[in-house]
Every structure is written in structure tokens, then in C-alpha cells.
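Engineer: What follows is each chain in one-letter form.
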Amino acid sequence: MNAGSPGRPRVVVALDPGGSGEFTLDLARHLAPPAVPELFGLLVENARLIELAGSTLAREFLLTGGERQIEAGRLDRQLRARAARVRAEFEAAATRLGLPHTFQTARGEPAAELLSRVAGAEALVLSIADEVRAVSEWYGEVLRHLLASTLPMILFARKGWLSGHGITVIGEDIARIRSALQLAAPLARYSRSPLSVALAGAAAAQRERHVEELGDALTMLGIVPDELIALRSAEASAVVATARARRARLLILASPAMTRDADLLEALVRSVPSALLAMRR
Amino acid sequence: MAGDGDRRGALRPLAPAQLYAACPQELLDFATTAELPDLDGAVGQERALAALDFGVHMQSHGYNLFVLGPSGSQRHRTVSEFLRRQAATAAAPADWCYLNNFDDERKPLAIRLPAGRGTQLRRDMAQLVEELRGAIPTAFEGDQHRNGIAEINQEFEDRFRAAMEELQQEAHGQDLSLVSTPHGFAIAPTSRGELLSDEDFERLPEEEKRHRTAAMEQMSAKLREHIERLPGWHKERRDRIKALQRELVSLAAGQLIEQVKSRYLEFPLLIAYLDKLRENVLENARDFLPREEVPPWLPVTAAQPSLSRYEVNLLVGHAGDEGPPIVHESNPSVQNLLGRVEHHAQFGALVTNFTMILPGALHRANGGYLVLDADRLLMEPLAWPALKRALAAREIRIESLGQLLSLVSTVSLEPQTIPLDVKVILIGERMIYYLLSQYDPEFSQLFRVAADFENRIERSPQNVRLYARLLGTLARREGLLPLTRAAAARTVEHGARLLGDAGKLTTRLRDVADVIREADFWARKDAAATVIDVTDIEKAIDSRTGRLDRMRAEIQEEIRRGTLLIDTEGARTGQVNGLSVLGLGGFSFGQPSRITASVRMGDGTIVDIERETELGGAIHAKGVLILSSYLKSRYAPDTPLSVSASLVFEQSYGGVEGDSASVAETCALLSAIAGLPINQALAVTGSVNQHGRVQAVGGVNEKIEGFFDVCRARGLTGGQGVLIPADNVQHLMLRREVIGAVEAGLFQVYPVSTVDEALELLTGVVAGERDGLGRFPEGSANGRIEAQLRRLAELRRRFDMPARNRRARGRSRNGEPGGSDT
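Read top to bottom, the protein sequences are chains H and Y. Everything in the first sequence is counted per the numbering used here, starting at 1 for the first residue and increasing by one. Everything in the second sequence is counted per the numbering used here, starting at 282 for the first residue and increasing by one.
These aren't lab readings, by the way, just hints derived from the structure by calculation. Among these hints, one or two may not hold up.
[To be verified] Sample of chain Y residues facing chain H (criterion: CB under 7 Å; computed from the structure): (1) Ala-431; (2) Val-460; (3) Ile-508.
[Said to hold, decoys possible] Within a straight-line C-alpha distance of at most 30 Å, the following computed DSBU-like cross-link-like pairs (lysine-lysine) qualify: (4) Lys-523(Y) x Lys-159(H); (5) Lys-490(Y) x Lys-503(Y); (6) Lys-388(Y) x Lys-542(Y); (7) Lys-159(H) x Lys-388(Y); (8) Lys-388(Y) x Lys-523(Y); (9) Lys-503(Y) x Lys-516(Y); (10) Lys-516(Y) x Lys-159(H); (11) Lys-913(Y) x Lys-903(Y).
[Said to hold, decoys possible] Simulated restraints on C-beta separations: (12) Arg-96(H) x Leu-588(Y): 50 to 60 Å; (13) Glu-446(Y) x Glu-235(H): 42 to 52 Å; (14) Arg-96(H) x Glu-488(Y): 58 to 68 Å; (15) Glu-475(Y) x Asp-216(H): 53 to 63 Å; (16) Thr-150(H) x Asp-439(Y): 45 to 55 Å.
Computed from a prediction, not measured in an experiment: that's the story for all the values here. A virtual CB, placed ideally from N, CA and C, is assigned to each residue, including glycine.
Given the sequences, and given the hints that come with them, work out the whole structure.
Structural biologist: The structure is reproduced here in C-alpha cells:
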């Protein structure tokens, strides 16, 4: 385990056995350019699950087909084994990528545990498998608390990063898009992905001009996107439709309004397999 | 020397011209052999060539050939040239390929294609694989694939999430908590969001408890149902993705494969193979994707998918060949004949596939000719049975030695057999042919044509001229200097001498060629010669002899020093100089041996001491028995032969074989009986029959020269010479020194036809013929012999009488009928 240098940007990676692939950390390392962030791996063990072990009424249904009572001892062994595996995978991946890192297992109420650790972090990476997310009743609550926080970036690390096509930045104003592109452009070069920019919500009359301005501004920065798109609306449905159509490997939302919209984020996570980065600053 | 008169003068020695048949140079109408055209084929081998012609053109089963004859007789070259001429008029045979059998990889498929098409197929398939390597990854990387996969995944994720959310909501609505566990899901009742403890549950009203329990059961059933659906969903997703990929690959690869098929429409087996290949490509399309680099720190690399199963193993290709193959296999082991399957080690095991099938000589010669040395073939373990099996079954089945011996039980390939259509030409010594004919019944069925190469050819003017052409061809082919006419003539004479027959020429051209090569060496060594002259030939012959002469020189020295006792002057009773030939590694020379006989009264037994001591061979023993019979029939036809004699090769410590000493032994015996001394200045060779006729023997030249060398070393007296069978005169090709001595009257060679003639020459006493009363002249050699034998018979009769009388008296006392003395 490496102890990060003081002052190094910190990225919290919320881990889950099904979601902590190396690609997650590979993505996370680009979240604080040009610095190399310190990764803080966090595995939260749901206190609710621990409580279940004390109840004779609780039943466990195995994916292999059986069902059984939850025994506290067995559950503890399972959780410890799972934590050891997640930790080993995390540390191995971080070491391979040359990233300073720490790891912690927390047992408690997931939202509270997570929120207590993201304070002062540059970003939170949610490396949680879709299947787990779907069945986790705490997930929606966590998301709402996170969106209410001042956390600068939330990355939903999803396997679409591996199978998608290109990086798409969606924003409502040129300044924020420019800011997002500071992060997106190197990532696009690194992953050899075409870079698209979608400007949402501009009035029809100004749309063409705004796109032109955006193009000029990006040229000044030395960034030449593969595609510049103007979206008629910044409504959730329009954004989701665009995201679905593009099937990007990474979708970057560069709009504070959008990144505070839990319903939009939920809809995006449900509708597209892309990794999703909410840039909230 | 006693006797009635010396008749030696009546038996005249041979003239010098009879001792050597020189090659008349006027037969050779050229200055050097450079003027002569090449001679293709063999000289004087018409019978063998006719057999070859028949065997090669006879298409019925089993008409393979055995070329028999002495080694060095140009059998290989003659056969090769003959086959080359035949092959020039025929087309190249088919190509044979092994292909992967997609139904059973252990049994590769054999495909026959016209000459050159196999090479084309291999190229086409290699190109197809290369194109598939490009087309399939392109299809996988395309938007159609990417989007299709994403859609499928999304659909199933949506389905899963929807189901889980529905369960979650339902659980929530029924005050149940649904959480994920390391191995699945768990449910438990809650109350106002908090887990309901066992105690709290027990405190609930019964109705509430029943309701909660029913809700748990209902939720459990739904969870079970959901979990049971998951494997089906996973499978459905995999199948959908597979079907999508199959469709895309079919589009990408199908066209490429169809293009290859269109080039081979006339080969149904190949078309069927390509259809199977297409299926295999569709099933294993991911094998065409770029391979991920395996990190070097991984201890064991997983087996990478190989595309070698789509390769073509061109076992035998005849692209560019202009006729049937002529294959000479110098190492005819089983594997070199039948082919083999190689293996390579992978993760501690030996593995193989159809690309590692290697052809054997039978594959390479299929449709043409396979030339093998019979002795090498027979010395290779199991090669001969394997060849017979292939020829009998008319197919090539690749089996390892281990399989043939049933020693290997590991699974290997069983390549499809390949039909065999080949002419096998075995080349070997006659003895091998005769042994195989005698002891191997299959041999006669499979090798029905014998091409028998002559050891010798007639020394006719025409053949002499052809021989000279052959010498010129040999010289030219090997880059040697041409031979002058005189050198060619001398080589022809050497060809006769090698055979030991003045009227024939040897066909063992290897020895003749060696002389020419060495003559070329001497010609170039001593001068900037442009031709090989007769002196070079002489030097080559002499130096060859000199290099091998150590043993002869030692024996000659032992004789000269008196260690080996050979008299070359004076006369001795019961002692004669016999002649034998020693053969040492291709070099033979004559050696005189002293043969002695001793006689006494006896019962007619002639003891062959060589035979008794097991130093004499069967033929030698036969000779002694024949002379014994001659003795009885000639000199004691009406009286018991009352002599016991013994014959011995003095100072002979090795084996004695052959009957060429039987004249000498007869003369020694007769000398001993009659007490007639034998002239030791003479030596004698020849075999005798029961009537006293002297018969031809082998090695006559070496024998004469062997005695001549002894006499010359001691000083030629003019009285020395050798008696040879008259029938051997035609074989004489003596050395120049011998002929010179004869010309100078210092040495003689006498031809004899009967024992009487030999006896006269050796004893100097007239042999004598029976007169009208059946009596030999008194004082003649035969008269003395007969008289002595009669005297011994009378002595024996008297000697035996007392014993017979005693036996007769004994029988009379016993009342038995008794004999009476006569």
C-alpha cells in the first residue's frame, strides 16, 4: 500500500466485487490532470446485511439455485474473503498503473460511510456493478446525498468504457465545455477515441453561432473535436436520446444543472452502458 | 626320373600368344575417346533391358521389378537412365494434400489434385486465412457489431434491472428488505424500514405473523423464479451475440470462401471440405481476432488459438515437374518409406496435427518409380514387411514404428490412406533375389519381373568398340582426360583380366572406372597431360595391385625364406605343387601349396586330412571322393582296392575349399602308389572327374602368376611351369612378366586334358593305355600303379586269410552254415 503525498488530489473509488476492474482505475487516474491522483479504495459492507445474519427470519437465495438461513459466522467469513479479494485486485491494478493508493473496508450504512469519506476528494468513482446497483436500496439515497454535496466530480465507471465508441461531452455553455475538454481531450488521445462535443439548450437562432464560437474556442486551445453537435434542448429526454444514439465509451456531463439532476443521472445510467462522468465544477 | 621314355616333349606348352588375348588396336578407329559419342545405357545387357522395358510398361498388379546382378555393374545408372527416358514421355502424377478433418481431427483427409493444383490450393488457403484475418476483425470492430452487441447487452441488462427493481419495489411494499449478499440475495421482514428482530416478530399478532410469513413465501417464490431465469437469460444473451457474430462473419468470410470454392468446382471432396471449413470459421471466428499480448510475468501461457487447421499440408507437389517422379531412397527405413507424423512438445506433452505429417518415399514416388537397394531395405527393421503391405494393399498407410510394434498406446493421427500406384525397382545381388524367391512367398507375387544383369559380355569386336565408347562416356561424365586408343585397348584387356576370361569383358564397370580415375590422376600428376595414355593405365593397374599386395608379398617372402616349403626343382615321390587363390577384399592372388600323399596296404580308404580336421570344405571333399572313385575304376576294376592313403595340404592352417586341387591330389596319390617321383619344377591346377578328365577351374591366371613369382624369386631355370586344364586356355590373360619369361623359354604353361597327360608331364613317364588284354604297358606309369595295387591286394588277401579261417571254424562248431576260403 502506498501512502499518497500530502497535497496530492484524492480520488475515492467505491468498490464492489463485480465492478472493480482495472479499467476503473485507468479511468480514475485521468480525473485530476495534470496531477497523478492518490486512489482511495473503499469497500462498504452493508450493515443491513450484517443485521440479517442475526435474524432467523431472513433467507438467502443463492445464484446457484439453493436457499438457506444466513449464519453470522459464515457471512462474516464470506465478507472477509470478499474484502480480501477486492483489496488484492485493487492494489494489484493500482500498482500496475503506478498510482499511489490506500484501501479501506468500512462496515456500516453505505450512504453515510461513503459520504464521510468523500469530503475534500477531487472525485468519487462509483465502481459498482449494474446488477448490484439495481438491487441496492441504498443506492438512490447515496446518489441523492452525493449530488447535494460539493464533490467536484462523480464518475460512474461502467463497462461501456471498454466496448463503447468515442467520448462525448455534453454541456450548456462554452466555458464549462472548455473546462471539461481539458480533461476529455487527453483522455481521448490516450484511449484513441473520437471526441464529440454536444452543446445543449441553445436557442435555435443562436445555435449555429454558438457552435461556431465553440469551434473557434476549441481551436484556440488546440483541441479539434471530431464532431460538434447542437442539441435543441437540455431536457433529460434529449440528453438521454443523444447519449443512447452515440453509444459513447465515456459520456461527460459538463453542466452543473445536469449533474445535480438525480433523475437525469439515473436515466442515463439505466439507458446507456457508457461510463458517465458528472463534472460539477 | 624313372620311366620308359620322356614324353614331355609330346605335350607342348602354350605359345606366348595363347597366354594373353591382346585387344587389336585396329578395332578402335579413334585417336582418343573424346571423339566418341556418349553411350547411353549398358553394353551387352539386352536381356536385362528387355526385362526392364517389360516391367516398367506392364501395368498389372505385382509387376514390380528386381534388378539382380553383381555390384558395380552400373545397375543403378542403367536403371536411372532407362527410367528417365521412360519418364520423359509421360505426364507428372497428381499432387497429394492432407487437410484438417473438421469432423475428426485425428483422421486428416487426403485430397488428390492434378499436378500443380496442390501448390495452388496451399497458396489459395494461405491467402484466404490472411484475408479472413483482416475481414473478421473488421466485422467485429464495425459499428454493426458494436451496436448489435450493445443492444443485446442493454436489452438483457434492462431486463435484469427491471426484474430486480420490480422485486425491490414489491419487497419494499410488503415491508421486506431485499439486499445482495456475496452469493446471491437475501430477504427479511422489516418494520418502518428497520429489520424486524425475532422477538419483535414473535410479539406480532398471529394474523400479522401469518400475513408476514405469506409475504416472505411469496417473495421467496419470486426470487427463486427470478434466479432460475438468470442462467437462461445468460444463455440467451450468449446465443444472441453468437448469432449476431455468426451473421456478420458469414457476410465477411462467406464471400471469400466462395471465391476459393469457385476455383475448385470440379473437385467434390474439396468443395465438401470448404463447406466444413466455412462452418468452422463461423463457429470459431474469434480465433481470427488479434491476439492479446500475454504478460511475460504470467507463469504459464494459455494455448493460443491456432489457425493452422486451415492450412494445406502439401504432402507431395509436382508443380513444374515434367514427368513421373523417379525416387531413389538410400535410407529405406519404415518412416522414410511410409512417411511419418512428427510431434512437438507443449506443456509437457507431445502434440501433433495434420500439418506435421511428412511424406515418405512411397508418397514422393507415387505415380512414378521408386528405386531401392534390396540389401539396405532388408536390413531396416520392419521396412520390408511394410513395403510389401503397401504394395499388396495398393495404399500408403502412415504408421509409426511404435504403432507397427504395438508399443505406443498414445493417441496419434490416423491420416487417411493414399492410393498407391508405383513401380518399385529393387536392386540387389542375385543371392538376395534367390533367397527371397525361395523363402518369401509374397515376393514372387509382388516382384514378378527379374531384370538380370550379366556379369560378363562377349568380347566381340562390336562390344569392344562399345566398351571403348563407354570408357569415353565415363571419362567425360566425371571430367577425366580422354583415353588414347592404346589406353582404351589396354583397359579393354584389363576388363577381360578382371573377369579372368580372355573371351569376355566384365560388366563390373566400377572397377574399370576406378582404373580410369586413377590413370587420370597419374596422367595429371606427372605431366600436363591432355590424355590418358597406356602407361597411365598400366601404372594405375600396377599401383592398385601394389597397394593391396602386402599379404602376397609376405607369403612370397615366407616361401623364399623356406618357412613355407615349396620346391621348385628336383623330384619327390608323393609330393606335388598345387595352386590355390586367396581373395582379400577385392584383390586375389595365387599361392602354391605343397600337397603330399602317403599310401600303405589297406581297405581302399583315402583319408582327406583337410576334411578330417574340418579345414576342408564340402566341394574339396567331393573332389577327393571323385579321385578315389577314379582310382578304383581305373586301376582296380576287378580287385579290391587294397590301399589306404592320406592326402594333405602341407602347412595349410586355414580352410581349403574347391576341387581345383583334385588333379594335383590325384597325381600325388598315384606318384605315391607307383613310387614315381614328381617334378617339383612344375605346379598343377585343375579338377578331375571320375573318368580322369581334367576340368576347368577358376583363378587360373592368378595361380600361374603365383607359381611364376616363386620361381622368378628363386631364379627361372627354363624347366619350370604350370599345368592347367586345357579348357582354361581361353581364360588366360597373364601378366607381361609371365609372357616375357615364356617368350624367353624360361617358363612354360602346359594345357592338360587328362590325368594321364598331367602324370606324364609331372613324372616324365609315359602314362600308358590298356592293350587288347586290358593290361597297361609294363613300365608305364599306369602299369606300375596297377601292378602295385595288385600286389597290395594279394598281400591283403593273404593277410586276411587266417582271420577268415578262424571265423569259419567257429561257425562250424556252432552248427551254423560256414563259408569257405578261396
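Engineer: With reference to the structure, classify each hint as holding or not holding.
Structural biologist: Each hint, compared with the structure:
A cut of 7 Å between beta carbons decides the hint on Ala-431(Y): the least distance to chain H is about 6 Å, and the hint holds. The restraint placing Val-460(Y) at the interface with chain H holds, with a minimum CB-CB distance near 5 Å, inside the 7 Å limit. Because the beta carbon of Ile-508(Y) sits about 6 Å from the nearest beta carbon in chain H, less than 7 Å, this interface hint is met. A hinted pair counts as satisfied when its Cα atoms are at most 30 Å apart, and Lys-523(Y) with Lys-159(H) qualifies at roughly 19 Å.
Between Lys-490(Y) and Lys-503(Y) the alpha-carbon distance is near 20 Å, which keeps this suggested pair within the 30 Å criterion. As the CA atoms of Lys-388(Y) and Lys-542(Y) are separated by approximately 23 Å, the hinted pair is consistent with the 30 Å bound. Between Lys-159(H) and Lys-388(Y) the CA atoms are separated by roughly 43 Å; this puts the pair beyond 30 Å, and the hint is violated. Proposed proximity of Lys-388(Y) and Lys-523(Y) is supported: the alpha carbons are some 29 Å apart, at most 30 Å.
Restraint check: the Cα-Cα separation between Lys-503(Y) and Lys-516(Y) comes to about 20 Å, which is no more than 30 Å; the hinted pair holds. A distance of roughly 20 Å separates the Cα atoms of Lys-516(Y) and Lys-159(H); the hinted pair therefore holds under the 30 Å criterion. Simply put, Lys-913(Y) and Lys-903(Y) have alpha-carbon atoms about 15 Å apart, close enough for the 30 Å limit, and the pair holds. As the Cβ distance of Arg-96(H) to Leu-588(Y) is approximately 31 Å, the hint placing it in 50 to 60 Å is violated.
For Glu-446(Y) paired with Glu-235(H), a C-beta distance near 23 Å fails the hint of 42 to 52 Å. Arg-96(H) and Glu-488(Y) have their C-beta atoms about 60 Å apart, which keeps the hinted 58 to 68 Å range intact. Range check, Glu-475(Y) to Asp-216(H): about 59 Å between beta-carbon atoms, so the 53 to 63 Å window is met. At roughly 33 Å, the beta carbons of Thr-150(H) and Asp-439(Y) sit outside the given window of 45 to 55 Å.
Violated hints for the displayed structure, listed by number in ascending order: 7, 12, 13 and 16.
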